[in-house]
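J.: Residue-level listing of the chains:
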Amino acid sequence: MNFRIVKDKLIANVMLILSISSVSFVFLIGIGLYLRAAPLFEEHTLLSLFRGSNWAPSKNQFGFYPFIMGTLSVTLIAIVVALPLCLLTAIYLTEYAKPGIRKVMLPLMNILAGIPPVIYGVWGIFFVVPIVREYIAPQFMEYSSGYTVLTGGVVLAVMIFPILVSIVSEVLSTIPKELKDASLSLGATKWETIKKVVVKRARPGIVAAMVLAVSRAFGETIAVLMVCGNVPVAPTSVFDGGYPLPALIANNFGEMMSIPLYDSALMFAALLLFVIIFLFNLISRIILNRIEHKYSS
Amino acid sequence: MTQHPLIRVKDLNVHIDGHHILKNINISIPDKSVTSIIGPSGCGKTTLLKTFNRLLDDTANVTVSGSVLVDDEDIYAPEAEVTHIRKKMGLLSQRPYPLPMSIYDNVAYGPRIHGTRDKSTLDSIVEKQLKDTGLWDEVKDRLHGPANRLSIGQQQRLCLARGLAVKPEIILGDESTSALDPVSTHTIEDLFVRLKAQYTIVLVTHILRQARRISDYIVFVYMGEIVEFGPTDEVLLHPKEELTRQYVKGFIS
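Chains as they are written, first to last, in full-length UniProt numbering: chain A, 1 to 297; chain B, 1 to 253.
No wet-lab data here; the hints were simulated from the structure.
Fair warning: there could be bad hints in the mix.
Stated by the list, open to error - With a straight-line Cα cutoff of 30 Å, these simulated DSBU-like cross-link-like pairs (lysine-lysine) come out:
#	chain 1	residue 1	chain 2	residue 2
1	B	Lys-23	A	Lys-177
2	B	Lys-10	B	Lys-23
3	A	Lys-98	B	Lys-32
4	B	Lys-140	A	Lys-195
5	A	Lys-195	B	Lys-167
6	A	Lys-177	B	Lys-128
7	B	Lys-32	B	Lys-10
8	B	Lys-240	B	Lys-32
9	B	Lys-240	B	Lys-167
10	B	Lys-23	B	Lys-128
11	B	Lys-128	B	Lys-32
12	A	Lys-177	B	Lys-131
13	A	Lys-195	B	Lys-128
14	A	Lys-200	B	Lys-128
15	A	Lys-200	A	Lys-98
16	B	Lys-119	B	Lys-167
17	A	Lys-177	B	Lys-240
18	B	Lys-23	A	Lys-200
19	A	Lys-98	A	Lys-190
Sequences and hints are given; from them, build the entire structure.
T.: As C-alpha cells, this is what we get:
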C-alpha cells in the first residue's frame with residue numbers, strides 16, 4: 001500500500017528532474033558556446049565583430065557582418081517564397097480539394113519532409129543553380145554563377161514547404177464550419193469567406209507554423225552550403241553569393257585550427273546563430289500572444 | 001411583395017451519403033410570422049432549414065431534388081446565384097459565431113461585401129441594427145473592441161444584428177437559443193416576436209414550450225417527412241395525426 005504511494009511520488013519527481021535537465025540544456029549550450037567564444041572578446045569588441053565585414057582569420061580579422069546578412073537573407077527569401085505558396089496549397093487542400101485528393105497529397109508532402117537535406121543540395125546544384133544562372137539572373141544582370149542567396153532561398157523554401165503546409169492545413173481544418181456558414185449565409189462567396197474569416201481566424205496558427213519553419217531554415221546547413229556560393233561578402237542583391245553562419249561552421253571547423261582565435265570565432269558564429277534563433281522565437285512568441293489576445297475565442 | 005408566400009417548397013428530396021434525409025417535402029411558409037419546425041433529433045429539421053439558403057452545398061455527398069422557391073425564384077435552378085439567395089436570409093445558428101473582428105466590423109461585414117463603402121452609411125447601418133437587437137446601449141462604447149469579449153447572449157444578438165444588416169426578408173434560426181442562459185433566451189425570443197412584423201421567420205427548435213411561446217405556425221417533422229403543419233394551437237392542442245399527438249404528449253422524442 002505504502003509502496004505504491006512512494007512509487008507514485010518517485011515517478012513524479014524523476015519526471016520533473018528529467019524535464020528540468022532537458023530544458024537546462026538550452027542554457028548549458030548557450031553558456032558553453034559563450035565560454036568557448038570568450039577569447040575572441042579579449043581582442044575584439046562585440047561591435048566590431050558585428051559590423052566588421054572583413055573575414056581574414058590569418059590576419060586576425062573577424063567580421064561577422066557578411067555571415068549574419070547571409071543567414072538572414074537566405075532565410076527571408078525562403079519564407080517569402082514559401083509562405084504564399086504554402087498558404088494557397090493548404091487552403092486548397094482543406095477547403096476545395098475532394099477527400100480523395102487530400103488523402104494522396106498530404107502523405108506525399110510528408111515524404112518531401114523526409115528527404116535528407118543533402119539530396120536537396122544536389123537537386124539545387126543540378127536544377128535550381130542552372131535555372132538561376134541561365135534564365136533568371138540574365139534578366140537582371142550580365143553574369144551570375146547561379147550559386148546565389150536566391151538559389152539557397154529557393155532550395156530552402158522547398159525544404160520548409162511540407163512542414164508549413166501540414167501545420168497550416170491542420171490549423172485551417174480546426175476552423176468551425178459554423179463560422180464559415182455564418183459568413184456564407186451573409187452572401188459572402190467562398191473566397192471572401194476564406195480571405196476575411198478563415199485566414200484571419202487562423203492567423204495565430206499560421207504565425208506559429210511560420211516560426212517553426214523559419215527556425216528550421218535558420219539552422220539548415222548542408223543543402224544551403226551546397227548552393228549559395230559561400231563567399232564571405234554581405235550580399236547586396238539576390239544574385240550575389242552568400243555565406244550563412246551554419247555553412248561557415250560546417251565548412252571550417254576542424255581545419256586550420258592552428259590559426260589563433262579561429263576556433264573561438266567559429267564558436268562565436270554558433271553563439272550568434274543560437275542568439276538569432278532565440279530572439280526570433282522570443283519576438284514571434286510576443287507577436288503570437290498579441291494576436292491571440294486580440295481575437296481568441 | 002409577391003402574391004405567393006415567400007418560401008415555397010415543392011417535392012423536395014434530400015439524400016446525404018445515400019441516406020434519404022428529407023422525403024417529398026411540400027410546404028409554403030406563411031409570410032411575416034414565426035414558423036417553428038419541431039421534431040425529434042435527427043428527423044431532418046435542421047437539414048430542411050439549411051435547404052432554404054443552400055447551406056448544404058458545401059457538405060459532401062448531398063443530392064437535392066425538387067425545388068425551393070424563394071420570391072418565386074427556384075434557388076436550386078442551375079442559373080440561381082447562391083450569394084444573392086443567401087443575402088435574402090439571416091441565419092442564426094445554435095451557438096453564436098462572431099467573426100474574428102470587432103463588433104462594428106461584424107455588423108458591417110455583410111454590407112461591405114455587398115459593396116457599401118461609405119463610412120457614414122455603414123455607421124448608420126451598424127447603429128440601427130444594434131439598436132434593433134437591443135445591443136446598442138451595451139456596446140456603444142466598445143464598438144471597435146473584439147466581438148468575442150461579449151457575453152454569449154450578447155454575441156447571439158450581435159449575430160442577429162449582423163444577419164439583419166444585409167436587409168434580408170427571412171430569418172432562419174437553427175436552435176438559436178440552445179446554448180443560451182434563460183435570460184438571454186428570453187431576450188432572443190422577444191426579438192423574434194418583435195421582428196416578425198418585418199420578417200418571415202423560420203425556427204428549428206426541439207423545445208416544445210418555446211415553439212408554443214413564440215410561433216404562429218408549427219411544422220412537425222418525423223423521419224424526414226412532414227407529419228403535420230398548421231397554426232400553433234391547432235397542432236399542439238388538437239393534433240390531427242396520431243404521431244403528432246404522441247410527440248406533443250412526450251411519448252416519442
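J.: Quick one: which hint numbers does this structure break? Sort them smallest to largest.
T.: The structure conflicts with hints 3, 9, 10, 17, 18, although it agrees with all the remaining ones.
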